[in-house]
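There are 2 protein chains.
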Amino acid sequence: MTRWKLTLEYDGTAFLGWQRQAQGMTVQQALEEAAERFCGERPVAHAAGRTDTGVHALGQVAHLDIARETSAHTVQMALNQHLKGLPVVVLAAEAVGEAFHARFSARARHYRFRILNRRAPPALERGRVWWLPVPLDAAAMHDAAQHLVGHHDFSSFRAAECQAASPVKTLDRLEVTRLGEEIEVLAEARSFLHHQVRNMVGTLALVGRGKWQGRQVAAALAARDRKAAGPTAPPEGLYLVRVVY
Amino acid sequence: MTRWKLTLEYDGTAFLGWQRQAQGMTVQQALEEAAERFCGERPVAHAAGRTDTGVHALGQVAHLDIARETSAHTVQMALNQHLKGLPVVVLAAEAVGEAFHARFSARARHYRFRILNRRAPPALERGRVWWLPVPLDAAAMHDAAQHLVGHHDFSSFRAAECQAASPVKTLDRLEVTRLGEEIEVLAEARSFLHHQVRNMVGTLALVGRGKWQGRQVAAALAARDRKAAGPTAPPEGLYLVRVVY
Chain U
230 MTRWKLTLEY DGTAFLGWQR QAQGMTVQQA LEEAAERFCG ERPVAHAAGR
280 TDTGVHALGQ VAHLDIARET SAHTVQMALN QHLKGLPVVV LAAEAVGEAF
330 HARFSARARH YRFRILNRRA PPALERGRVW WLPVPLDAAA MHDAAQHLVG
380 HHDFSSFRAA ECQAASPVKT LDRLEVTRLG EEIEVLAEAR SFLHHQVRNM
430 VGTLALVGRG KWQGRQVAAA LAARDRKAAG PTAPPEGLYL VRVVY
Chain V
230 MTRWKLTLEY DGTAFLGWQR QAQGMTVQQA LEEAAERFCG ERPVAHAAGR
280 TDTGVHALGQ VAHLDIARET SAHTVQMALN QHLKGLPVVV LAAEAVGEAF
330 HARFSARARH YRFRILNRRA PPALERGRVW WLPVPLDAAA MHDAAQHLVG
380 HHDFSSFRAA ECQAASPVKT LDRLEVTRLG EEIEVLAEAR SFLHHQVRNM
430 VGTLALVGRG KWQGRQVAAA LAARDRKAAG PTAPPEGLYL VRVVY
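Heads up: the protein sequence lines correspond to chains U and V, in order. Residue numbering for the first sequence follows my numbering, beginning at 230 and increasing consecutively. Residue numbering for the second sequence follows my numbering, beginning at 230 and increasing consecutively.
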């Protein structure tokens with residue numbers, strides 16, 4: 230039995246998120262079925278981040294155990310062959326020890342959130358960005374974001390259905406940068422609460438529009454109440470970029 | 230009657246190219262029908278580049294005449310409203326004189342061709358890049374490309390169905406750059422022959438793989454025979470980026 234660490238890229242538009250669902254195809258199901266077609270038995274796949282419907286991945290990490298003796302190259306090629314037709318691919322495969330767990334061994338997760346900030350809606354990047362036609366002040370968003378960096382109770386940015394034991398997390402980095410018509414938000418932490426990145430982005434967008442001052446973000450954090458912060462940004466702008474072990 | 234210059238972005242995957250076709254939706258038809266819904270009569274739209282099926286645009290330029298008196302802002306918003314549901318948007322609208330012609334007034338056209346050069350196929354960029362898993366030498370491709378820059382008879386890179394009066398064109402720029410897993414080819418000229426960029430890219434890919442030497446590209450050009458050059462690269466990597474007037 231070998232444990233394989235897999236790095237995945239996928240288009241979240243095509244899946245009902247990572248985790249298996251009765252209602253439709255998920256990334257987990259696609260990967261497990263591809264592995265079954267390759268090795269004859271269906272393993273259980275575990276991911277670093279259980280992304281929601283519509284959320285994309287440039288570097289999701291999953292692990293699964295395969296009894297058949299094989300090489301990393303064969304695992305990658307065979308899984309990609311069996312995933313053909315679905316917009317998910319294995320970027321890299323690596324044999325790891327049985328102590329490795331994609332979710333629990335992760336030391337940091339890097340997310341990127343893309344906002345298209347122009348009058349015209351997206352044509353090429355439809356489903357890949359959050360379109361906001363009102364001009365946003367990225368510098369004000371960045372300054373406000375710094376109130377959220379650090380060790381805090383993030384209850385105000387936590388989804389009701391979040392299953393984390395504690396709302397206290399350490400946010401290592403939250404940077405907002407304008408790149409032409411796009412605004413990019415980078416978020417790094419050991420782990421995030423459910424919807425935390427999207428709730429932070431939805432709140433920062435209020436600052437970008439001039440509806441909120443930066444200090445209102447600090448007040449929203451201090452309130453420890455979901456109703457005190459801004460709305461949840463849509464999933465299509467969010468990318469799981471990298472997981473660090 | 231006002232002539233409007235329109236800058237367009239579109240996802241070529243969704244259209245049978247620019248030009249009207251009996252068999253299905255084209256960008257020209259989508260734009261003309263949107264204009265008709267806006268102003269009651271159907272104008273004829275002319276484009277700077279009659280892109281093929283699958284070819285994308287980040288800055289296509291078209292013009293059309295509208296009798297109704299209106300503002301640039303209204304033209305853009307109304308057309309985008311009526312284009313909703315199709316992946317084509319008006320990035321900018323500008324009133325121009327009746328001497329302006331999107332195709333004949335253009336002084337330069339800038340194309341970009343994207344190659345994804347990695348072992349794993351694209352998930353997020355499917356339909357947006359040419360996937361070539363064999364490692365390519367971008368520096369060798371760039372050096373070979375310089376044989377094509379200048380004033381030449383490009384018959385070797387011309388599609389059989391090309392309607393241009395002459396195969397002689399001036400290629401102002403052909404640059405090949407590696408950006409991580411991607412190779413980007415930039416091509417600039419006053420105008421191009423039909424399939425010229427895709428035929429040049431298909432030929433340069435032979436150099437990138439090491440199948441051809443750079444001087445064979447010069448020999449292919451000198452042969453003035455389509456059979457002397459390499460295959461046509463697929464449309465999905467090609468973007469019309471900008472038209473200069």
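Hints in this document: simulated from the structure, not taken from any laboratory. Hints are supplied without guarantee of correctness; some may be wrong.
One copy or any two copies: either way a pair holds, since identical chains are not told apart in the list.
What the hints assert, rightly or not - Calculated lysine to any residue pairs in the SDA-like style (CA-CA distance at most 20 Å, straight line):
hint, residue 1, residue 2
1, Lys313, Thr242
2, Lys456, Glu327
3, Lys440, Arg297
4, Lys440, Trp360
Status of each hint after checking the structure:
1. Lys313 - Thr242: Answer is both; intra-copy 16 Å and inter-copy 19 Å each pass.
2. Lys456 - Glu327: Classified as neither: same-chain Cα gap 42 Å, cross-chain 56 Å, threshold 20 Å.
3. Lys440 - Arg297: Answer is neither; intra-copy 58 Å and inter-copy 37 Å both fail.
4. Lys440 - Trp360: This pair counts as within: shortest intra-copy Cα distance 18 Å, inter-copy 44 Å.
Of the hints listed earlier, those the structure fails to meet are numbers 2 and 3, in rising order.
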